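For the protein sequence lines, the chains are E and Z, in the order given.
Here our numbering is used: the first residue of the first sequence is 1, the next is one more, and so on.
Here our numbering is used: the first residue of the second sequence is 216, the next is one more, and so on.
Calculated from the structure, these hints are not laboratory results.
A couple of the hints might just be wrong.
[To be verified] Label-pair restraints from in silico Cβ distances:
(1) E:L186 x Z:R418: 34 to 44 Å
(2) Z:R365 x E:A69: 28 to 38 Å
(3) Z:P691 x E:D80: 29 to 39 Å
(4) E:R81 x Z:R703: 54 to 64 Å
[Said to hold, decoys possible] Sample of chain E residues at the chain Z side, in silico, Cβ under 7 Å:
(5) K24
(6) V27
(7) V188
(8) G192
(9) G196
(10) D200
These figures come from a predicted structure and were not determined experimentally.
Where a beta carbon is used, it is the ideal one built from N, C-alpha and C, also for glycine.
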Amino acid sequence: MTQDFVILCAAGMLVSTYLMVGQKALVVAIRLYGVQSLLLGAVAAALGLVGHRPHLLVTAALTVVLKAALIPWFLLRVIDRAGIRREIQPYVNVPTSLLLCLGLTVVGYRVTLGVAAANTGVPHQIVGVALSMVLIGLFLMVTRRKAITQIIALLTVENAVFLAAVGATVGMPLVVELGISFDVILAVAVVGVLVGRILDRFESMDTSRLSNLRG
Amino acid sequence: MNLLVATLAAPLATAAVGAVPGPRRPKEAVLLGGLAATLALSLATARRYLGGETPVAFGAALRVDGLSALVLVLTAFVGLLSGIYSVGYLERNERSGFVSPKQRTELAALVPAYLAAMLLVCVSNNLGVLWIAVEATTLASVFLVAFPNRDTSLEAAWKFLVLGSVGLAFALFGTVLLFAAGGGMLGESTSALDWTKFMAHARTLHPFTVKLAVVFLVIGYGTKAGLAPMHTWKPDAYREAPSPAGVLMAVGMMNCSLYALLRVHLVSRAALGPEFSGRLLLGLGLLSVLVATPFILVQWNLKRLLAYSSVEHVGIIAIGLGLGGEVAVFGALLHMTYHSFAKPVAFFSAGTLAQLHRSSDLDAIGRGTLGRTPVASGLLLLATLMVTGSPPFGLFWSEMTILRAGFAGPHLAAVAIFLAALVVLFCGFFYQVGRLTLGPDTRPADRPTAPERLDLAMGTTLGAAAIAVLSGFSLPGALLSLVHAAVRVVEGS
Numbered sequence: 001m002t003q004d005f006v007i008l009c010a011a012g013m014l015v016s017t018y019l020m021v022g023q024k025a026l027v028v029a030i031r032l033y034g035v036q037s038l039l040l041g042a043v044a045a046a047l048g049l050v051g052h053r054p055h056l057l058v059t060a061a062l063t064v065v066l067k068a069a070l071i072p073w074f075l076l077r078v079i080d081r082a083g084i085r086r087e088i089q090p091y092v093n094v095p096t097s098l099l100l101c102l103g104l105t106v107v108g109y110r111v112t113l114g115v116a117a118a119n120t121g122v123p124h125q126i127v128g129v130a131l132s133m134v135l136i137g138l139f140l141m142v143t144r145r146k147a148i149t150q151i152i153a154l155l156t157v158e159n160a161v162f163l164a165a166v167g168a169t170v171g172m173p174l175v176v177e178l179g180i181s182f183d184v185i186l187a188v189a190v191v192g193v194l195v196g197r198i199l200d201r202f203e204s205m206d207t208s209r210l211s212n213l214r215g
Numbered sequence: 216m217n218l219l220v221a222t223l224a225a226p227l228a229t230a231a232v233g234a235v236p237g238p239r240r241p242k243e244a245v246l247l248g249g250l251a252a253t254l255a256l257s258l259a260t261a262r263r264y265l266g267g268e269t270p271v272a273f274g275a276a277l278r279v280d281g282l283s284a285l286v287l288v289l290t291a292f293v294g295l296l297s298g299i300y301s302v303g304y305l306e307r308n309e310r311s312g313f314v315s316p317k318q319r320t321e322l323a324a325l326v327p328a329y330l331a332a333m334l335l336v337c338v339s340n341n342l343g344v345l346w347i348a349v350e351a352t353t354l355a356s357v358f359l360v361a362f363p364n365r366d367t368s369l370e371a372a373w374k375f376l377v378l379g380s381v382g383l384a385f386a387l388f389g390t391v392l393l394f395a396a397g398g399g400m401l402g403e404s405t406s407a408l409d410w411t412k413f414m415a416h417a418r419t420l421h422p423f424t425v426k427l428a429v430v431f432l433v434i435g436y437g438t439k440a441g442l443a444p445m446h447t448w449k450p451d452a453y454r455e456a457p458s459p460a461g462v463l464m465a466v467g468m469m470n471c472s473l474y475a476l477l478r479v480h481l482v483s484r485a486a487l488g489p490e491f492s493g494r495l496l497l498g499l500g501l502l503s504v505l506v507a508t509p510f511i512l513v514q515w516n517l518k519r520l521l522a523y524s525s526v527e528h529v530g531i532i533a534i535g536l537g538l539g540g541e542v543a544v545f546g547a548l549l550h551m552t553y554h555s556f557a558k559p560v561a562f563f564s565a566g567t568l569a570q571l572h573r574s575s576d577l578d579a580i581g582r583g584t585l586g587r588t589p590v591a592s593g594l595l596l597l598a599t600l601m602v603t604g605s606p607p608f609g610l611f612w613s614e615m616t617i618l619r620a621g622f623a624g625p626h627l628a629a630v631a632i633f634l635a636a637l638v639v640l641f642c643g644f645f646y647q648v649g650r651l652t653l654g655p656d657t658r659p660a661d662r663p664t665a666p667e668r669l670d671l672a673m674g675t676t677l678g679a680a681a682i683a684v685l686s687g688f689s690l691p692g693a694l695l696s697l698v699h700a701a702v703r704v705v706e707g708s
């Protein structure tokens, strides 16, 4: 029962990643990231309640507060200030992107077939979903132009790593998780400052304009 | 207070004081005093290790063995050099009339903060703490790259942040997988991620999961080390970062990332045998040396030239570690040591040339610098001799040690390619620096060069050069025993 719920949530995360690939409105992408984080929180909470691992509940609470609320709010504020709504034409068009991502999911599943499911009772699906999300996140980073999209892709990769951490292991030690969460917050703040400076300079968040350095 | 904690607290406190705006001279005194104290505490920690103790803190999350002690001392040394040079650098910028109090505060806070994060990397015994510390170094250095606040520096900072974050996400995924490979046997407390624990349980880790984890970890920390093909952030970041920060990235960060790679390599070797991660390091190292070659030959910017030299050196060290065996590992760690002494001279003298000519582009500087700025150009030539591994300087001996071990081992083809690349790199680097410093003066008369003077920055460069030359002839006994201790950690005897 729990297992089904966990796998359902993980699948939901994968679906939200696909939806990110499939559309261009930045607001929607940020909301999708929020939903994805909420599902991650649900996975952690479910595993924590059933397995009597209170530190997973802390992880779940942190995830929901930081990644489903605080970070999306911050990113929405940034794009509001920048007055930017949509991703411009990506380097690879949407249908092709979706097909390629399907391939990446197959690769992710195939590679993780050999990974031990540890002894948490969670099958290798979780690691498969996590690796697929890592690969799709990377794909988004290299094919999209807006700084914000690249950051959402990076945060998706980070969510995927956390999914692997709570799903495929008994959960990373709490201190380490706290440290990682703190670093993620700092990273988002750094990104905010940097995007601010890029806006002041270039009056655009289009990273394809950042192409003076070659050789 | 615990000596190890004090070693980490000193630069952190210095950074905190540096972040508060205040009168200039006292702040400079705090910065230099704090960095000198950091070096003294690091030396004391290393001395304690050589005396037979194993300094630990916070359970065993922080622990100093031979490898940590070596990297700790080298990093703290470079930190002090970079701090002194940063004061001289600002002094010079002020003479030519552009330095804001904000920039002053930024540099005084970021240099020690970056150093503190790096020191945490090299004493962490816990893979989780290690990851957190490496992430902290990235965040601190992003602002150092963006420091000049030009269009190109924002571009470089953005690339650096995105590539670095991807690398770190990979490293974190690898850490999770390595933890999963333990299958719950490692426990759930913080110490479950301790490196010593992984080593103790290495044989019982799930082999395939370890393999996957090692690939992710090597790509992740390899990105931070600047191993090809993940090195693309390096030339941009080195060009934009001010020279005091550049040297921290080129020496401190490189050593610390290599430290992380070595820890991963050791777990992998204990779990899977030496071939898997050894070949991975050998392959990436060889690729780095090869990739650096063409870019050095066609380079148009002095600092980017240094960046590709750094890609070359990280490659050489990775090759030594990948070959394995006592001699090759000794060569690699000796190379790391000599490189830490030689590279600052190159960065500082190149930085001086760039500041006096207001640009680091080779064409903008113009040829024949030896006539205009004899001291800085002479030092750059000396640094080139050292960095390219010319006899009788230290890097020549360490490269020969690695080559000797390589030709005695099974990877003859790889070592032959390595040797050929070294020769081309030597010629290429000399061609570039020779063209810049020697030959007729081509700088237009309407763009005069600022006169060279013996200021603090130049004094630091001269001091660093003296240390680098002397160390090549006789390495202090204690430092040599640290290198040997580090070799023992790696070779497990």
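Hints the structure fails to honour: Going through the list in order, the structure violates hints 3, 5, 6, 7, 8, 9 and 10 and respects the others.
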